[in-house]
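Given chain L's structure and the hints, the job is docking chain G onto it.
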Amino acid sequence: MAVAAVKARGSPRPAEGIAASLSGSLAVAEAMRQTNPDVVAAYPITPSTIMVEKFSEFVANGQVDTEFVAVESEHSAMSACIGAAAAGARAQTVTSSQGLAYMWEALYVASGTRLPIVLHCANRTLSAPINIHCDHSDTMGARDSGWVQLYAENTQEAYDNALMAVRIAEHPEVMLPVLHSQDGYTITHSVERVELLPDDVARQFVGEYRPRYPLLDLKAPVTVGPIVSPTYYFEMKRQAVEAMERAAEVIHNIGQEFGRMSGRYYGLSEEYRLEDAEVALVLLGATVGTARVVVDQLRSQGMRAGLLKVRSFRPFPGDEVVQALAGKAAVAVLDRSLAYGAAGNPLFQDVCSALYVRGMHVPLVNYVYGIGGREAMPNDLLQVFKELYRAADSGQAGPAVRYLALRE
Amino acid sequence: MVNMPERWEQESWEVLPPGGIIPEAGNSVRYETGSWRALRPVVDMEKCTHCMICWLFCPDSALLAEGGYFRGFALSHCKGCGICALECPPKCIRMVPEGSFAQEGA
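Protein chains in written order, with this note's numbering: chain L, 1 to 408; chain G, 1 to 106.
Isolated chain L (complex conformation) (with noise of 0.2 Å):
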């Protein structure tokens, strides 16, 4: 690895950064290392595999001291870390894709029993047809197992939200699995330059993880994954519920601190220009850096464009969002995954029923773009925001959704 110290931006006084030339899978690899989890349990999967292999690396080279379990099946990578997190042990595992979909139902065991485990996601579609490349299937068709959900931009957001992702997990107040997603290729497999923070920095980060209900702490017996009647059921899931809206204050103040540690500020969402903006892109994940390209291009030529990238999906920042758009003349809604026979997909859904839950009215349209890896270029963009001029001046919004660069 290429490494000099920098000197990090930011206030007051961050740690010193290191920077190198790193693929997203590396970071993240490189984040997992700082970290040193107690168990990593995980089954190789394109294109979320270098992250593993990079990470069982240090393991074969004893610089961390993690269990490392080499499962058959993403089933069992879930499993294993339910019952390692269930332990008392810090547990994280990888995957893409079908091995998200193969651990479905084991993802409900680990937000239901509230065990916060930490799960590196490289996005991907999913089959049939099989298709190894990036859209938000995988992730979205989690959207509602109780994971907290963040979505990197780029390498240095992969790396950064790798280490946030387990203090927010752990946070007494939480307790809830996060579930982290890098764009597949876009992320995992482009070399960027990406600041790493020194070793002991990233593990005072970190800290020391106290689980509250140990199963292997003989002083104080408890059961784990007990039958829950109706009596109780409810109960336990409004708890959830209540965890992953407190999560909210702990995302933003964690990202915060972060902020003053490495001069890199995050919070559950961003504005990107948009304060005076007339038309706006709510995005996430890695087109938002597209979208910053094609927003600048548009200022530069005196258009008033502007774009708002969601981090955290869930939980989901619905006051930001709506304060944000309000008043705009037209929004795009930009989606890469379907939700079929829906009143629109997935990121679409929630800034529509954010807005009109608080009674607010912004005319929205919905773009699904990228689906199975194709591209989404800076000319399609401009396109959406052109069209967007065109609505806003005929006060025509047209179709609900549309498929960008999809061939009619």
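Derived from the structure by calculation, the hints contain no laboratory data.
Keep in mind the model is a prediction, meaning the values are calculated, not measured.
Fair warning: there could be bad hints in the mix.
Unchecked claim - With a Cα cut of at most 16 Å, we get these calculated EDC-like pairs of lysine to aspartate or glutamate:
| # | chain 1 | residue 1 | chain 2 | residue 2 |
| --- | --- | --- | --- | --- |
| 1 | L | K237 | G | E14 |
| 2 | L | K219 | G | E14 |
| 3 | L | K54 | L | E67 |
| 4 | L | K237 | G | E24 |
| 5 | G | K91 | G | D44 |
| 6 | G | K47 | G | E14 |
| 7 | G | K79 | G | E32 |
| 8 | G | K79 | G | D60 |
| 9 | L | K386 | L | D296 |
Okay, now just chain G, sitting in the frame of chain L:
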């Protein structure tokens, strides 16, 4: 050890322990599984050899033993599964329908 309320079913979601965790050892004693029972084990003590096979096999620890001797059933926890009757070597346990005890008010 956490002090759990005697009657959890009256407690709000804000009070209950998270995720279905039971932070109190041995509280299944308070869960009277005997209310599920359709068949009641009845023993003929004249045939009983105190071999304790029933005690060994009972999945609910509902057999009472004292000093190595069989002393009867804990009916508040016996679900009436009949494993004791099946396993009993001298066949001295019978499973009798609960209805036939109705007049005793049992």
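Each hint, compared with the structure:
1. K237/L x E14/G: Within the cut-off at roughly 11 Å; holds.
2. K219/L x E14/G: 25 Å, violated
3. K54/L x E67/L: 15 Å, holds
4. K237/L x E24/G: 21 Å, violated
5. K91/G x D44/G: At roughly 9 Å apart (the allowed maximum being 16 Å), D44/G and K91/G satisfy the hint.
6. K47/G x E14/G: Outside the cut-off at roughly 54 Å; violated.
7. K79/G x E32/G: 9 Å, holds
8. K79/G x D60/G: With a Cα-Cα distance of about 8 Å, the restraint between K79/G and D60/G holds, given a limit of 16 Å.
9. K386/L x D296/L: 15 Å, holds
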